[in-house]
Structure formats: C-alpha cells, structure tokens
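Protein chains in written order, with this note's numbering: chain A, 3 to 728; chain B, 3 to 728.
Each hint should be verified, as a subset may be incorrect.
Copies of the same chain look alike in the list, so a pair counts if it works inside one copy or between any two.
[Said to hold, decoys possible] Okay, derived cross-link-like pairs now, DSS-like style, lysine-lysine, Cα gap no bigger than 30 Å in a straight line:
(1) Lys223 <-> Lys579
(2) Lys68 <-> Lys666
(3) Lys126 <-> Lys554
(4) Lys310 <-> Lys666
(5) Lys126 <-> Lys579
(6) Lys126 <-> Lys701
(7) Lys722 <-> Lys272
(8) Lys165 <-> Lys554
(9) Lys529 <-> Lys579
Derived by calculation from the structure, the hints in this document are not laboratory data.
Protein chains: 2
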Amino acid sequence: MIPKFLWVALWGATSSVAVAGSDLSSQAEPAAATANPAPLFANEMQRASVFVDRMMEAGVVVPVPKDPGGGYTHEQHKQNFKAINLAGQLYRNTGEQQYSDYVRDVLLAYAELYPTLGEHPARKNSQGSGRIFWQVLNDAMWMVDSIQGYEAVRESLSEADRKNIDDNVFRKAAAFLSTGSPVTFSKIHNHATWATAGVGMTGYVLGDKELVDIALLGLDKSGKTGFLRQTDLLFSPDGYYTEGPYYQRFALKPFMIFAGAIEKNDPSRKIYEHRDGILLKALRSTIQLTYDGYFLPFNDAIRDKSLKTNELYNGVAIAYSKTRDPGLLSIAEWQGRTILTDDGLLLANDLAAGKARPFPFKSLLFSDGPEGNKGAVAVLRQGDSTSGQALVAKNSSQGMGHGHFDKLNWQYYDNGNEIVTDYGAARFLNVESKFGGRYLPENETWAKQTIAHNSLVVDEKSHFDGDAKAGDKLSPQQRFFSAKPGSQISSATMTGAYPGVNFTRTLALLNVEGLGQPLVADVLRVKSETAHKYDLPMHYSGHITRVGFDLKSSVDARPVLGTANGYQHLWVDATGKPDNAQNAFVTWILDDRFYTARWIPQVTGEAILAESGANDPQFNLRREPVIIQRATDSKDAVFASILEAHGSYDGAEERTVASDSQIKSIRHQQAGSADLLMIEALSGEKSVLAISYDADPMKTHRALIGGEQINWTGYAAHVKLGRATK
Amino acid sequence: MIPKFLWVALWGATSSVAVAGSDLSSQAEPAAATANPAPLFANEMQRASVFVDRMMEAGVVVPVPKDPGGGYTHEQHKQNFKAINLAGQLYRNTGEQQYSDYVRDVLLAYAELYPTLGEHPARKNSQGSGRIFWQVLNDAMWMVDSIQGYEAVRESLSEADRKNIDDNVFRKAAAFLSTGSPVTFSKIHNHATWATAGVGMTGYVLGDKELVDIALLGLDKSGKTGFLRQTDLLFSPDGYYTEGPYYQRFALKPFMIFAGAIEKNDPSRKIYEHRDGILLKALRSTIQLTYDGYFLPFNDAIRDKSLKTNELYNGVAIAYSKTRDPGLLSIAEWQGRTILTDDGLLLANDLAAGKARPFPFKSLLFSDGPEGNKGAVAVLRQGDSTSGQALVAKNSSQGMGHGHFDKLNWQYYDNGNEIVTDYGAARFLNVESKFGGRYLPENETWAKQTIAHNSLVVDEKSHFDGDAKAGDKLSPQQRFFSAKPGSQISSATMTGAYPGVNFTRTLALLNVEGLGQPLVADVLRVKSETAHKYDLPMHYSGHITRVGFDLKSSVDARPVLGTANGYQHLWVDATGKPDNAQNAFVTWILDDRFYTARWIPQVTGEAILAESGANDPQFNLRREPVIIQRATDSKDAVFASILEAHGSYDGAEERTVASDSQIKSIRHQQAGSADLLMIEALSGEKSVLAISYDADPMKTHRALIGGEQINWTGYAAHVKLGRATK
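Start from the sequences, fold in the hints, and give me the full structure.
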C-alpha cells in the first residue's frame with residue numbers, strides 16, 4: 003500500500019514535476035493523476051520510500067573505494083547513487099524535507115571524499131580506472147543517476163552546500179570523466195555514452211555550457227566524437243546497436259535520459275527527431291530483440307537479463323510520453339515497474355485507464371552498421387513472443403570488443419524455451435565468489451569462440467582466427483529476407499572469416515502440413531578451392547531420447563575434442579557415421595515437447611555428440627550438449643539440415659504423443675547454381691525449399707526434383723509438391 | 003465458459019447424483035449447487051464435454067492391442083477408458099442421451115474384442131501380461147475407470163446390450179483380473195489394489211457378491227489377501243505407504259474410489275472408520291509428503307509428478323466430502339481441478355463460497371510399516387511449503403520392488419528448489435522414443451544404488467549389497483524426533499545394511515542468529531570393528547562458484563570413479579584433500595541464492611567432485627553433480643557437515659549480496675558417548691548441536707567445549723554459546 007504521507011504529498015507534486023525528462027508533462031492531467039496515483043506509480047513511490055528510508059536509517063555511508071564489482075565498497079557506492087536518485091525524486095514528488103536533507107548529506111560526504119581519490123586500487127588497468135569504482139564506466143553511471151537526484155534538490159540547498167557539492171563533486175567528477183579520461187570520453191562506444199550523458203546533464207544542472215558542448219560534440223567540439231556522433235554511429239538506421247541486444251539495453255539508458263535532458267533544456271535541437279527519430283527506433287528494436295521478455299543472448303550477454311531492468315523502465319516511460327504507443331503500455335505492464343518522473347506518472351495512469359495494447363512483436367530485419375550495410379540480424383517469428391517460435395539469424399558484424407566470432411550463427415526459440423542456444427557470456431555478473439564477478443577467462447577461451455556457437459568452423463579455428471579487430475573490418479552480406487507467413491526465409495553470405503573460404507547460409511521457418519509447429523530448414527553452402535575440415539555445431543537444450551545412428555561412445559574415459567579455440571572445452575560423449583537422412587537424426591525432449599534435428603550426412607564426415615566443460619578446473623562453464631556435423635578434406639560442401647518440433651509429454655496426465663520424428667526424410671539436390679532441399683513428412687506431405695541465390699525478385703526459376711517439375715520466383719521460396727502416394 | 007446445454011441439464015442432474023461415490027450427496031444442497039455450478043465444477047464439465055465430444059467425433063476406435071506404454075494402441079485404450087468414465091459422468095450430470103449411447107457403443111466394441119484377447123504381444127513376461135494393455139496393471143486401471151462410466155449408464159441400456167457388456171466385457175475382465183491373474187490379485191501391493199478395486203466395483207455394479215467378496219477378502223475369502231488386508235498392511239499407522247509418496251499417490255486412487263463404492267453399497271462396513279480412519283490419514287500424508295506441490299521423489303519416483311494428478315483430484319474431493327476440512331479446499335484450489343461426482347460438486351461449491359483455508363503443512367514424522375515400527379520418514383519444515391525449507395530424512399524401510407538402497411538418506415528444499423537432491427527413477431514415463439517409456443536399465447545400475455543417494459556407502463557396495471529382499475527384512479530405527487521451532491532434530495540408526503557396520507545419523511534444521519535462513523547440521527556416526535572405505539555423497543543442484551580447497555582436476559581426460567554399484571556412472575571432475583573446516587567447503591549458486599556445504603575433513607580421506615553420466619551410451623541419465631566425502635581404512639568414524647543458504651543474486655538489479663559463506667568454522671568434539679558439533683558464524687554467534695544418544699527425555703547432560711560448559715536435556719539439543727569476542 004501507498005503510505006499516507008504520499009497521498010497528501012502528491013497533491014503538491016505537480017508544480018515541481020516539470021523538472022523531469024518529458025516535454026509532455028503539461029499533458030499528464032496532474033491533479034487527477036496525483037490525487038489518486040495509478041497503482042504502478044504508487045507502488046514505485048512506495049518501493050522508493052522503503053528503499054530510501056532504509057538507507058536513511060543506515061545513515062550516510064560513503065566508504066573509501068577498495069573493492070571490484072560485487073565487493074562491499076562497490077555495492078555501497080551503487081546503493082548510494084540509487085539512493086541519491088530516488089531520494090531526489092521522492093522530494094520532488096512529496097516535498098518532504100527529509101529527502102532533500104538526505105541527498106545533501108550524502109553528497110556532502112562525497113564532496114569530502116572525491117577530491118582525495120586517485121586511481122582505484124582494484125582497477126584492471128590504469129587507463130580504464132575509475133575513482134569511486136574499479137572502472138570508469140561505473141563512475142559515469144554514478145554520475146548519471148546522482149545528477150538527476152541532485153537536480154531535484156539543488157534549489158533547496160544553502161548556497162554554501164550547493165557550491166561545495168557543485169565544485170567538489172560534480173565539477174570534479176565531470177572533469178575526470180571528460181578531460182581526465184579523454185580516451186574513454188572520445189570513444190564511439192556505450193562507455194562514452196554514459197560519460198557524455200553524465201557530463202552533459204551535469205552541464206545543464208550547473209549551467210555550465212562548456213560541459214554541455216563537449217558532451218554533445220566531443221572534447222574538441224568538432225562533433226567527430228561526443229553524444230550526437232554516438233547517436234549517428236552506434237545505431238544502424240533500424241536502431242540496432244552493433245554490440246547486440248544485451249549491451250543495447252545497457253547503452254539505451256544514458257541515450258534516453260540525456261535525450262530527455264537535452265529536449266528539456268535545448269528543445270530547438272529536436273533531439274528525438276535527430277536522424278529520423280533514431281533514439282525511439284532504438285528503444286523499439288531493443289524490445290523486439292527479446293523472446294519471452296529476455297534479450298537474445300548473443301555476444302557478451304548475461305542470459306538472465308530481461309526487459310525487467312532499470313534501463314528499460316526509463317526507456318519505455320520516456321518513449322511512451324513521446325509516442326503514446328499503447329504497445330509500450332503492455333511492456334510496462336509486463337515489467338510491473340516504471341520511473342518516478344512525470345513520464346512514469348503518465349504511463350502509469352494510461353495503463354490504469356486500460357489503454358494498453360499488445361506490443362507488436364513481428365518478423366523483422368535489423369540492419370547493422372551506421373549506414374545499415376554491415377550485415378543484419380534477422381528475426382523470424384510465428385505465434386506470440388512467449389510461447390511461439392522465433393528463429394534468429396545473426397548475420398551482423400563483429401560488434402567490437404563484446405562481439406563473438408559467430409558469423410551467420412543462429413538460435414531457435416519455441417514453447418517458451420531456447421531450443422538452439424547461444425552460450426552468451428562466461429561471467430557471473432557481480433558474483434564476488436566467482437572470479438570477483440568479472441568476465442571469466444573462459445569468456446575468451448570458450449564463449450567467444452566459433453565452436454561455442456552454431457556456425458561454421460574451418461580447420462578448428464575461429465572466425466578471423468579470433469582477432470576481433472580483423473572481425474570489425476568485415477561483415478556478412480544479408481542477401482535475402484522474406485517474412486511471408488508460412489515460408490519465412492533469411493539468407494546471408496560471409497566472406498573473409500576464413501582465407502579462401504566463403505559460406506552462404508539460408509535459414510527458413512516453414513509451415514509443413516501435418517506438423518504441429520513450423521519447421522526450421524538450414525542450408526549452408528561452403529565454397530573453397532582448397533580442402534579443409536569443416537565443423538558445424540548445433541548447441542541445443544534438452545535430454546536425448548533417441549539417436550538414429552550407431553554410436554561409438556566414450557563410456558569409461560571421456561576425451562577432449564581438441565586443443566585450442568574452444569575445442570579444448572568440449573568433452574566427446576560419442577561419435578557416429580550416419581549414412582543417410584533416415585538415420586542422421588537426434589531426438590530430444592525439453593519440458594513437454596520433443597525436437598528432432600535431422601541432416602544429410604557428409605560423405606567424408608562423421609557426427610560428434612559432445613558437451614562443454616572440459617579443461618575447466620574452476621567449474622566456470624555451464625555444461626551443455628552439442629551436435630557437431632563434421633566434414634573432413636572437403637572443398638565445396640553443403641550442410642542441409644532441419645529442426646522439427648513434435649509431439650507432447652504430459653506428466654500429470656501421463657500422456658505422450660508423437661515422441662518420435664514426424665519427418666520421413668529430407669533430400670538435398672543441386673540444380674545448376676540452385677540448392678533444393680526436399681522435406682517429406684510421415685503424413686506424405688512433400689515440399690521443397692528452393693534457393694536460386696539470384697537477387698532478381700522477378701526472375702522465375704525451374705528445376706526437377708523427385709520426378710516433379712517445380713517453379714519459383716526470386717531468391718528463394720518454399721514450394722509444395724504433390725502428395726506422395728504411399 | 004460452460005455450454006448452454008449444461009445450465010439446463012444440470013437442473014435435472016440432482017436426482018441421478020446418488021450413484022456417485024459419496025454418502026453425503028444428500029447434503030450437497032443440490033438445487034442451489036447445480037442451478038449455478040461453481041466455476042471449478044463448471045470448468046470440469048466443460049473440459050469433460052470438450053474431450054468426450056472430440057472422442058465421439060472421432061468415432062469408436064477400439065484397436066487390437068499391440069503397443070507397449072506410450073505406443074498407439076496403449077494410448078488409445080487409455081483414451082477410451084477416460085472417455086467411458088467421463089461420458090458416463092456427463093450423462094449422469096446432464097441426462098444427455100448421446101453420452102449414454104457413446105458409452106454403450108464403445109463398450110459393445112470391447113464386448114466384441116475382449117473375448118478374443120490372449121496375452122499381450124508387448125508383454126514383459128507372461129505372468130504380468132494384460133489383455134488390453136502390455137501389463138495387467140493397466141487392465142485393472144482400465145476397469146476402475148470404465149466400470150464407473152458403465153455404472154452411470156447401465157440402467158439406461160437395453161437388456162440385450164446390458165447383458166452383452168456385463169458378460170463379455172466386465173465379467174470376463176473381472177475373471178481375468180482375479181482368478182485369471184491370481185499372483186497379482188493376491189499381492190499386498192498397489193497392483194493388487196487396482197485389481198481388487200476394479201473387480202469389487204464390478205461386483206457391486208453387476209450385483210455379483212462373489213466378485214465383491216474375493217475383492218475384499220482375497221480369492222480364498224480368508225481375508226489374508228484382498229482389499230481390506232491391503233488397507234491393513236500397505237499403510238503405516240500414520241498413513242505412510244511403504245513404497246513412498248510417488249506410489250502412494252498412485253495407490254491412493256483405487257483405495258479411495260473403491261472405499262467410496264463400499265461405503266455406498268455396504269455402509270455397515272464403515273470402511274472410512276476402518277483401522278482408525280487409515281484411508282483419510284493416507285490422503286493427508288500424501289499431501290504432506292510434497293514440496294511446492296511436488297511429491298518427494300525418493301524411491302522409483304517420476305520427478306514431475308505433483309498434486310495436479312487425477313488420483314489426487316479424486317482423493318481430495320472424496321476426502322473433503324467426508325471431513326469438510328477447509329485445508330483440502332486450498333489444495334483443490336492449487337490443483338484447479340476436481341471430479342464430476344457430487345463430491346466434486348460439493349468441493350467446488352464450498353471453494354467458491356470462500357471456505358478454503360491454507361493446508362497445514364508442518365514438520366511431521368511418518369512411521370513406516372503396518373505396525374509403525376519399520377523406520378520412518380521425518381519431514382522438518384520452516385516457512386511455507388513453496389518457498390520455505392523442508393529437510394527430509396528418509397529413515398524408512400526398503401519399500402519393496404520400487405525401493406532404493408538409501409537408508410538414512412536425506413534431501414533438502416529451500417527457496418522453491420530441491421537443493422540436496424534425490425535422483426528419483428531412471429525412466430521417461432510413456433515416452434516411446436526412450437526405451438518404450440519403461441524403466442531404463444540405469445534405474446537398476448544407478449538410480450537404486452546407494453552412491454546415487456545422500457547416504458553412507460561402505461567399500462563401494464550398496465546397502466544390503468543391492469538385494470531388495472534382504473533390504474525388506476531390515477529397517478532403520480527412528481531414535482529421536484523433535485519439531486521444536488528453531489531447533490528441529492531427527493535421528494535414526496541403521497544396522498545390517500552392511501555386515502558388522504552400523505551408522506547413526508542426526509539431521510537438524512537450526513536457526514542461527516545472523517543467518518537469513520536456517521542451517522542444516524548433519525552428524526553421521528559410523529561404528530565398525532573392522533576397517534572399511536567410507537563414501538558419503540551429497541548430490542546437489544546448482545553451479546559451483548567457489549571451492550575452499552586445492553583441486554586436482556581431470557581437465558583433459560575424465561576418468562570414471564569405479565566399476566560397479568553405480569560408481570561406473572560417475573565421472574570424476576576433481577579430487578582434493580581439504581585439511582580443516584575452514585577450507586573444506588564448496589559454494590554454489592541456484593537461482594537467486596547461494597549455498598555452502600562445509601564439513602570436517604576425514605583424516606584418512608579426500609573429497610571427490612563428480613558428475614553422473616559415465617557408462618551411459620544411450621544418454622539415459624541426467625547429468626548432475628555430487629560431492630563425496632571419502633574416508634579410507636577407517637573403523638569408527640564421524641562425518642560432521644553443515645549446509646548453509648546465504649546471500650542473494652538479483653540479475654535485474656545487478657545486485658549481489660553475501661555470495662560467500664557466512665560461517666567462520668565448524669568443529670566436532672566427542673564428549674564421552676556424546677557428539678558435539680559447534681558452529682561459529684562470521685557474526686561471532688556460536689552454538690552447538692549436542693547429541694547424547696540417550697533416549698531418556700528427562701536426563702540432563704553436560705559437556706565442555708571451546709572452554710565453555712554446556713548443558714542439555716534428552717537425546718539432542720541446540721545450545722547457544724556466549725558470543726565470541728573477536
């Protein structure tokens with residue numbers, strides 16, 4: 003429940019709401035809204051007051067910096083900037099003096115501490131060292147939150163206190179983050195976004211135009227770096243952030259909050275219209291890049307991160323007050339949270355008024371790169387975003403330091419689960435008892451390596467031989483994308499990940515009659531003039547129920563698959579040599595559904611069933627299964643596979659249906675330069691995924707398969723054949 | 003929503019309700035109830051009509067038996083008896099002729115098929131072969147459901163149809179299940195309960211006293227076998243079923259349903275009063291033996307089985323109409339289901355009337371054996387049954403063929419998770435693609451073996467050397483049980499599991515000041531006059547974050563721990579020799595909480611970190627971690643350990659607290675015949691678990707530890723010491 007003092011206090015809140023981020027505050031019907039605040043907002047006030055009251059009871063605690071992420075001083079300073087921020091907002095919404103006093107007292111303590119600080123004792127390297135925290139990034143985050151809390155109370159302070167805090171906390175911190183950390187500040191990178199946002203917002207609050215200018219235009223004010231340049235370069239025209247969804251979520255907060263401040267103080271800049279509304283596009287893309295609310299975990303992603311995160315509470319509220327998009331209300335409803343600004347109040351009231359509509363999750367192509375020409379991420383969806391299907395083709399560029407070597411990688415979601423998986427980052431974020439909460443060594447030796455993904459590995463080396471700088475220079479080419487219902491297709495080519503080898507992967511989400519769920523088809527064509535060893539891993543989630551081919555199992559001593567590039571982390575459970583598409587399959591169960599991966603075996607190859615966790619003396623890795631298709635001594639090669647969901651398992655009713663594959667067979671055929679993948683279901687239904695690789699959307703292609711003539715138009719299509727006579 | 007025809011039909015339903023199981027039907031306020039049926043009942047009617055209508059549309063399908071569990075004919079015949087049962091109940095509740103006709107038509111098809119049936123082609127052995135199903139048990143289940151459906155429509159059939167179905171289906175099936183399957187029918191075992199229930203209910207419906215008599219008193223009517231004898235021997239005085247909760251759940255249905263029929267047709271037997279109301283006790287015990295609604299998975303249990311199961315929908319409704327216990331209503335609410343008898347109607351109405359109260363889950367001791375002297379299962383609880391703690395001490399007897407060799411085994415639940423785990427059965431129930439859905443070979447080679455549990459293994463052999471018959475002859479002795487809040491303790495001794503070795507285990511759930519959750523203490527005292535190798539495994543769920551001692555890791559080739567008795571299924575990840583209680587610990591994370599297991603190392607021993615999954619070429623086993631304390635060449639020995647839950651991890655807030663152990667150290671000391679386990683928290687709090695092993699509840703004991711004199715009374719107690727001066 004909302005405590006009594008809030009009911010009273012909120013009456014007086016409206017006049018002071020204007021300092022918050024939105025230019026629409028005047029439309030927030032304040033009286034009605036604040037006289038009887040909507041539950042979402044009231045709960046947020048309640049949550050904030052509980053937290054801040056607890057912090058106030060504990061008294062002002064501003065320890066000398068000592069610990070890395072997860073350690074005591076790290077967490078205390080994080081608690082402090084959260085408290086400064088929320089106490090400031092509580093003061094603005096309630097007018098209660100105690101909150102203003104608390105913000106003042108905490109900041110006065112920082113005013114004593116900050117000038118005494120040098121490099122952090124737990125820094126990883128002096129370049130990136132913060133003052134309050136072990137890395138400069140955390141100092142910037144401290145500033146972004148703290149300056150907002152300070153803004154809310156600054157006018158209420160004595161001139162002496164105000165000057166002391168201005169000079170000894172925020173000016174010094176702004177100087178440290180800008181001229182004092184020129185390398186970080188001038189990056190085109192989310193670390194720089196946090197820094198520029200903190201410095202720029204400080205400039206607005208202190209009325210220091212210099213700080214605002216260098217934040218917006220870079221230290222030399224040329225505009226070659228700084229916040230505006232970041233909005234130009236860090237997002238693609240589709241609002242995709244090159245590091246991937248996890249860091250897009252993270253980067254979004256300073257973008258949205260600083261934009262709000264710019265809009266308020268400098269409306270003539272029309273920041274939200276900048277670059278065709280890129281910031282709002284970015285917010286929408288961030289939401290689209292989720293399944294069941296969780297971010298697609300490719301690149302250095304912590305897998306448990308969902309839309310229920312402070313960055314998105316801010317982003318959704320700010321974006322809603324701009325757009326009034328009712329789909330954003332349903333996201334806020336799922337989040338169950340908002341922020342204490344007038345944007346949050348507006349959102350909470352409209353949600354309570356029943357204005358929410360489902361957010362339109364749909365199949366989309368997200369181009370990568372500032373000009374949108376550095377590959378793309380394709381998301382093919384069917385059904386809803388919580389229990390339906392989502393096929394993700396990661397055809398985007400390297401994504402800088404947090405990128406993985408996973409060109410043309412894919413993931414698959416179904417029935418609320420990630421079926422074909424991405425390991426994400428090897429890190430237990432802020433868990434002190436696990437390597438201090440930092441990235442684990444296995445993030446480099448496993449999580450980033452190609453074999454840890456669902457992409458082509460040549461000669462047991464990772465893409466670009468594991469060199470991120472080389473990777474940033476080259477991108478895949480997205481060649482085709484179709485969201486046609488029932489036959490959705492994405493195709494891309496990667497050249498240069500390996501010298502002399504290029505590969506084109508076509509992934510399709512196809513509806514096949516007689517199957518309960520759509521089927522994934524995967525045709526990977528490799529071209530090389532010299533012979534190589536090819537490995538195509540598929541990491542999956544589930545427990546094997548049937549393997550179609552004979553296995554040579556490592557039953558009483560478990561060998562390691564290789565020696566480097568991630569191979570040293572794979573235990574070999576079994577190997578086998580399936581000889582046709584009838585027996586080249588593995589079936590597994592996950593929750594109440596079965597899955598069968600089926601492929602056309604390589605003539606020169608074998609299949610390897612393995613599990614992560616070898617050479618891991620500290621138990622840093624999760625242990626997860628993988629199926630590897632291997633081709634040895636091959637030049638050109640085609641890997642043709644399907645993934646099928648089938649049947650159901652009901653433990654309560656003790657009823658199981660179709661626990662075995664519903665596919666009779668698959669067959670690959672090359673017709674000129676085209677690839678044909680024929681899929682025959684047990685029901686007798688036959689269809690073909692036909693790929694011409696011809697970009698001309700008007701051109702019609704013909705081919706003969708299974709004695710039948712098929713025609714299709716354009717790059718690729720799903721063609722039904724006559725029903726087999728059984 | 004409930005279809006219109008039901009609203010009308012239900013008006014007429016009351017007169018025909020009497021045939022259902024309960025003698026309280028007259029009290030079900032029929033008019034009010036059926037005029038506006040409560041949602042739970044209306045939904046059940048709706049669910050039934052949807053299912054039966056689908057079956058009716060598909061037409062009568064009674065295939066010649068062919069497949070084992072999970073196969074087509076198996077599932078179809080299961081669907082059929084479900085349809086016969088529900089259609090009959092729909093007819094009784096709605097009076098709609100179509101339902102009566104459908105039941106008739108299906109049973110007429112069986113009347114043609116049944117006389118032609120011999121042994122089932124997929125039988126495991128001729129003795130247990132069914133006619134309709136691969137095992138006789140399923141035939142009995144078919145009969146229990148079908149006879150209820152038949153009862154509801156029988157009077158409405160033509161004499162010719164009635165005679166045909168009586169003679170060619172139910173009399174023949176009853177003959178097959180009784181005189182035709184004398185071995186099964188005469189067992190004291192749940193298979194026999196299903197058979198006697200089916201035969202006895204058929205006797206009542208057909209007015210065949212002979213069938214009723216042999217069902218109640220056994221084939222020779224001596225009362226040495228049969229249903230009544232089963233109620234005397236299969237449950238302990240506390241209503242515990244010796245095979246364990248999973249099979250107790252399964253066995254309960256025929257007990258409750260047949261009892262209902264006996265009560266209706268033969269009220270003078272006062273079946274529910276029989277043996278001090280054992281059947282209702284059994285129902286309550288079944289519910290108490292769950293955590294978060296899931297059955298404690300010891301012995302041959304399928305782990306995904308919860309209270310949401312048909313047996314309990316029947317049991318809860320029948321028991322509620324007897325007892326009107328409002329706690330049962332909250333169970334029904336959690337189940338979200340009920341049955342279509344007047345018992346179900348009464349329950350649904352009272353639930354809708356807001357009469358539900360929380361079911362009183364509490365710490366309980368469940369004696370085992372007909373006289374309650376064959377050991378016990380102790381459940382120590384704190385907090386609620388969904389997120390609180392539950393410490394389970396399995397001190398019960400072998401439990402016949404489905405029992406595991408796990409004397410004095412334990413499990414621990416916390417925060418909604420099973421922390422110290424029991425593997426349950428190695429079986430994918432009814433999953434055709436996994437060994438036909440039958441018990442896997444690894445159920446014998448792993449799941450039943452002692453090393454697969456959290457109990458003492460001597461010389462790498464299982465209890466009773468893996469001989470279940472030998473195990474059934476001997477039981478543990480429960481020596482002490484105290485549910486005193488904050489210091490709950492259970493202690494038991496096992497003699498004869500190994501020649502010349504006996505062991506006493508004291509498990510305690512203790513509140514220690516400064517810790518967020520209670521702490522588990524485990525003192526296992528082994529006595530032997532000859533030297534042995536002792537292994538004490540602890541199977542846990544979670545991901546290791548810190549190990550306190552140096553590890554010798556199997557990083558690049560993973561050996562197997564042993565050659566037999568389950569050891570062949572364990573991969574060795576690492577071994578180490580912790581030398582004191584400061585470094586003898588392992589910390590892991592599960593969901594948002596951390597756990598640290600800490601123990602006093604064996605002088606002659608080592609610690610082994612291993613994982614299940616070796617010698618498993620078919621991928622039949624789940625891969626789960628285990629910590630093994632090993633003592634070599636030891637006679638008497640004491641294993642003193644604690645398990646501590648600590649800290650929190652919040653991925654959304656990126657906040658982690660206390661990811662490392664909050665315990666400074668533990669210390670074991672023997673004082674005369676007593677064992678003292680001192681626990682010191684980082685906060686400085688010190689306390690002692692003191693065990694005198696003296697049954698006299700009045701006797702006071704004294705001991706000196708850490709320079710302090712402590713006193714306690716009785717078998718065991720938790721004694722606080724003065725706070726350490728740090």
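Each hint, compared with the structure:
no. : hint              : result
1   : Lys223 <-> Lys579 : neither (63 Å within a copy, 62 Å between copies)
2   : Lys68 <-> Lys666  : between (63 Å within a copy, 22 Å between copies)
3   : Lys126 <-> Lys554 : between (46 Å within a copy, 29 Å between copies)
4   : Lys310 <-> Lys666 : neither (43 Å within a copy, 36 Å between copies)
5   : Lys126 <-> Lys579 : neither (48 Å within a copy, 32 Å between copies)
6   : Lys126 <-> Lys701 : neither (57 Å within a copy, 61 Å between copies)
7   : Lys722 <-> Lys272 : neither (51 Å within a copy, 67 Å between copies)
8   : Lys165 <-> Lys554 : neither (75 Å within a copy, 59 Å between copies)
9   : Lys529 <-> Lys579 : within (23 Å within a copy, 54 Å between copies)
Taken one by one, the earlier hints fail for this structure at numbers 1, 4, 5, 6, 7, 8, listed in ascending order.
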